[in-house]
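**Student:** As they're listed, the protein sequences go chains B and P.
Residue numbering for the first sequence follows my numbering, beginning at 145 and increasing consecutively.
Residue numbering for the second sequence follows my numbering, beginning at 145 and increasing consecutively.
The reader is advised that the hints may include incorrect statements.
One copy or two, either will do: identical chains are not told apart, so a pair holds if it fits within one copy or between any two.
[Unchecked claim] Below are the DSSO-like pairs computed for lysine-lysine, each with C-alpha atoms no more than 30 Å apart in a straight line: (1) LYS342 / LYS224; (2) LYS224 / LYS325; (3) LYS386 / LYS342; (4) LYS480 / LYS386; (5) LYS485 / LYS386; (6) LYS215 / LYS496; (7) LYS172 / LYS224; (8) LYS215 / LYS480; (9) LYS419 / LYS342; (10) LYS419 / LYS325; (11) LYS419 / LYS467; (12) LYS485 / LYS342; (13) LYS224 / LYS480; (14) LYS172 / LYS480.
It is worth saying that the hints were derived from the structure and are not from the lab.
There are 2 protein chains.
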Amino acid sequence: MKMNEMPSESGGEALRYDPEAVKQFTCKVFECLGVSCEDARIAADVLIEADLRGFECHGVARLYHCYLRVKKGLIETSPKIQIDWRTPATGHCDGGNGIGMVVGWHAMKTCISRANETGAAFLAVGRSNHFGIAGYYTSMAHKSGMIGIAMTNASPRVVPTGGMRGVFGTNPISVCFPGKKEPSFLLDMATSAVSSGKIDVVLRKGEEVPPGWVYPSVRPFLDSEDVAPMSVFQYPLGGGEKTGGYKGYGLGMMVDIFSGVLSGANFGTRLAASKRPDAEAGIGHFFGALKLSGFREPDAFHADFQELVRDVRSCPLEPGVEKIHIAGEPEAEMRKENQQKGIRILPSVLEKLHRIASELDIKQLQ
Amino acid sequence: MKMNEMPSESGGEALRYDPEAVKQFTCKVFECLGVSCEDARIAADVLIEADLRGFECHGVARLYHCYLRVKKGLIETSPKIQIDWRTPATGHCDGGNGIGMVVGWHAMKTCISRANETGAAFLAVGRSNHFGIAGYYTSMAHKSGMIGIAMTNASPRVVPTGGMRGVFGTNPISVCFPGKKEPSFLLDMATSAVSSGKIDVVLRKGEEVPPGWVYPSVRPFLDSEDVAPMSVFQYPLGGGEKTGGYKGYGLGMMVDIFSGVLSGANFGTRLAASKRPDAEAGIGHFFGALKLSGFREPDAFHADFQELVRDVRSCPLEPGVEKIHIAGEPEAEMRKENQQKGIRILPSVLEKLHRIASELDIKQLQ
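Start from the sequences, fold in the hints, and give me the full structure.
**Tutor:** So this is what it looks like as C-alpha cells:
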C-alpha cells in the first residue's frame, strides 16, 4: 500500500510504502524464483529491515540485482549451507553460494545457539553473496542477550593509504551490545569514510561530493543503475594519511582477512567478481556471538551502560546540535518513523520492482 | 649503554640506548619497588617493546608516571589477579590494581592457553592500570598461532560527535593475525584521529597541529610533564561529522563498553581518575584469542594472506610513495632499526630516569 508521496533526500520523488506490503512482495519474488517459503521470508525481512532503519541503498533497492543474478544462475536458491565446527567455539561455514541474507541468518543463528553453551562462538563464512546490513545480524544476537559481531567484505573501491586504486570494499563492521532500555548500542559502519550509498544520494541530488569522501582521481558519477560504480574510488575512514586514513585502511583490510582470507572466500580485487555478470560473487562474512553473562551480571552491565549514556548526554553540545546520539540511535528513531509513515522507495527502484512483477507475473507492489 | 646522539623527531636531542640496557634498568626499578622478579621482567619487556616499535610515548617514557603512582600506593606491586571463567570461552579478570603490563600479560596468557582448548577465549579485565601498547598482547597470540584481540580504555579526551568535551580515551584496538612470513598483519590503532603522542611530538617541535587532529576549542599546549593534557580535546577517527567522525566516536565507545562497562572498571569521564594523584585509575581492558586452525587450515590461510598482500602491493602508488604498508609493517621496520641502533630517549625522559635512579639508589642508565 502506497502511504504517501514526498520529496526524498535521495533525490527524485520517493514514495512511501507500507513495510509489510513491501516485505510480502519481496518474499513473493523470492518464492517465485524457487526459494523456500522460510528462506524467502528471512531474505525479505533482512532487506526491508534495512529500509526501515534508513539504509535505503541496502534494502529493497538491492532486490533487482539479486533477482538478475538468481535468474542467471549465479546464486543458488536452495543452497547447501555446510557448517563445520572445528573447535567448540570456532568454525567454518560454506554458504553454498546462497542468497547472502539466507546464509547470514543461518550462520548467525548457529553462532547464537552455540554461544549459549560455550559462551562465545564464531563462524568464518565463504561462498556467499551480498547480505544486506551487517547490523541485522548483530541485532539477532542482541535479542538473545548476546554481544553480536558481524562483518562482510564487498566489491573493491576503497583505496589503501599511499595507493591510487580501490582494493578493498566498504567492508562494514557491526557490533551490538544487548540493552535493557533504549538506547542500546548498535554500531553498524562501513570502514570507508562514508558508505557508497551516501555518495549516491549526493550525486542524485546533483550536488558536489564533499571533500574527503571520494579519492580525487575520478570525477564521481552514477552508472546506468543509478549508483556510483566501483571506479569511483573511495577514501578509507580517516581520509588521507595525515588525518589517520591508514587506520580506516587497516580496519578495512582486517574485515577482508576475517571475512575473505579466513573463510577461503574471495578478497581484495578478486571481489570484482561480485559485479561481473558471469561469475559467483564469492563474498565472505564473519559472525560472532558472545554471551553477556559470560563476562558480568547483566543487571550490573545495564546499569553501568546507562551511566555511560548519561555521561555522553551530559557533554556540552555544539551549536545547532540537539542531542549526542549513541550508535544505532538515529536508525532506531528512523525505524519508528518509517514503521508509521512507510518506507521510502525511489521511482527508479520502483520501476525495477514493477519490471520484476511483470516478468514473474505477480501482483505489482501497490 | 648510550649508543649515539641524534636530532629526534620528537623534538630536542634524543639519545639512543641499547634496548637491553634500558630493559634491565626498568626491570631493576620495578624490583626496587617490590615487584617480583618475573613480573618486573614482564613489565619492562612490554614498555621497551613499545620503544622498539617506535611508540616512544608508551615506552620507558611512561616509567616515571608508573613509579610515582606505585610510590603513592595507587598501584599494587603484588596484585592478586583473579580470573573467573564464567563460561568455557568467556570470563572476568580482576586485575587487583596491579601494574597494567603485568595484569595484561597474565590475562592474555590465560586467554591463549584456554583458546587452545576451546578455540576462542575472552577476558574482560577490571581494576587495572595503563598497560603500554595493545599490540604487545596481540603479538603474544600471534606467536601461538592465534588471532589476538586487545583493547583498553584510557583517560577522557576524545569528543563524541556533536559534543564539545572529551568523554572517551584514545581507546586503542589491536588485532593481529598470525603470519608465516613477513609482513604479518598487526593493527594497533587509537580510535582518535591520531594518538596523543603524535600531538605531543608536533607541539614539542613548536609546529602547528594539523587540522583534524585536535578539537578546536582549546589551543593545544604541553603541560609540565611535556605532554598534551586531557584538556586538549581530540577528534575521533574520521574528524568531524561530515567526514565520518561518528564512526571513530562509535569505535571509541565500543572499546569503552568492552573494556570498562563489561568488566566493571571505570569508563567515560570517570577515567579522569587515572590522572588524579589520589585515586586508583580503575582502567579496564579486553583481551581475546582465536585459534587460526579453528577456522581454516593455516597453510591455506597463509597462502591467501600473501595473495592479498600482493594485491595491495600491486596498487599504483601515489607520487612520492615508495610502498604501500601493511598494518604493523612500519613498526616492524622501525623495530629492526632500533634493535640495531638503539632506542631513542628524550632528554626530558632521561632526566626522570636519572631522578628515579638516584631516589632508589641504583645505577643510572648509561
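**Student:** Hint by hint, note whether the structure agrees.
**Tutor:** Right, here's what the structure says about each hint:
1. Within a single copy, LYS342 and LYS224 get their C-alpha atoms no closer than 35 Å, and across copies no closer than 51 Å, so neither meets the 30 Å cut-off.
2. In this assembly of identical chains, the alpha carbons of LYS224 and LYS325 never lie at most 30 Å apart, being 39 Å within a copy and 35 Å across copies at closest.
3. Both within a single protomer and between protomers do LYS386 and LYS342 lie at most 30 Å apart by alpha-carbon distance, with minima of 23 Å and 11 Å respectively.
4. Proximity of LYS480 and LYS386 under a CA criterion of 30 Å is satisfied inter-copy only: 25 Å between copies versus 39 Å inside one chain copy.
5. Only between protomers do LYS485 and LYS386 lie at most 30 Å apart by alpha-carbon distance; the minimum there is 27 Å, versus 43 Å within a single protomer.
6. In this assembly of identical chains, LYS215 and LYS496 lie within 30 Å of each other by CA distance solely inside one copy; the values are 15 Å within and 71 Å between copies.
7. Within a single copy, LYS172 and LYS224 get their C-alpha atoms as close as 22 Å, which meets the 30 Å cut-off; across copies the closest is 61 Å, which misses it.
8. Proximity of LYS215 to LYS480 under the C-alpha cut-off of 30 Å is found in neither arrangement, the shortest distances being 35 Å within a copy and 55 Å between copies.
9. Taking the shortest Cα distances, LYS419 and LYS342 sit within 30 Å of each other inside one copy (19 Å), while across copies they are farther apart (41 Å).
10. In this assembly of identical chains, LYS419 and LYS325 lie within 30 Å of each other by CA distance neither inside one copy nor across copies; the values are 41 Å within and 32 Å between.
11. For the homomeric pair LYS419 and LYS467, the shortest alpha-carbon distance between copies (29 Å) is at most 30 Å, but the shortest distance inside one copy (40 Å) is not.
12. In this assembly of identical chains, LYS485 and LYS342 lie within 30 Å of each other by CA distance solely inside one copy; the values are 22 Å within and 48 Å between copies.
13. Taking the shortest alpha-carbon separations for LYS224 and LYS480, neither the intra-copy value of 36 Å nor the inter-copy value of 49 Å comes in at or below 30 Å.
14. Proximity of LYS172 to LYS480 under the C-alpha cut-off of 30 Å is restricted to the intra-copy arrangement: shortest distance 25 Å within a copy versus 61 Å between copies.
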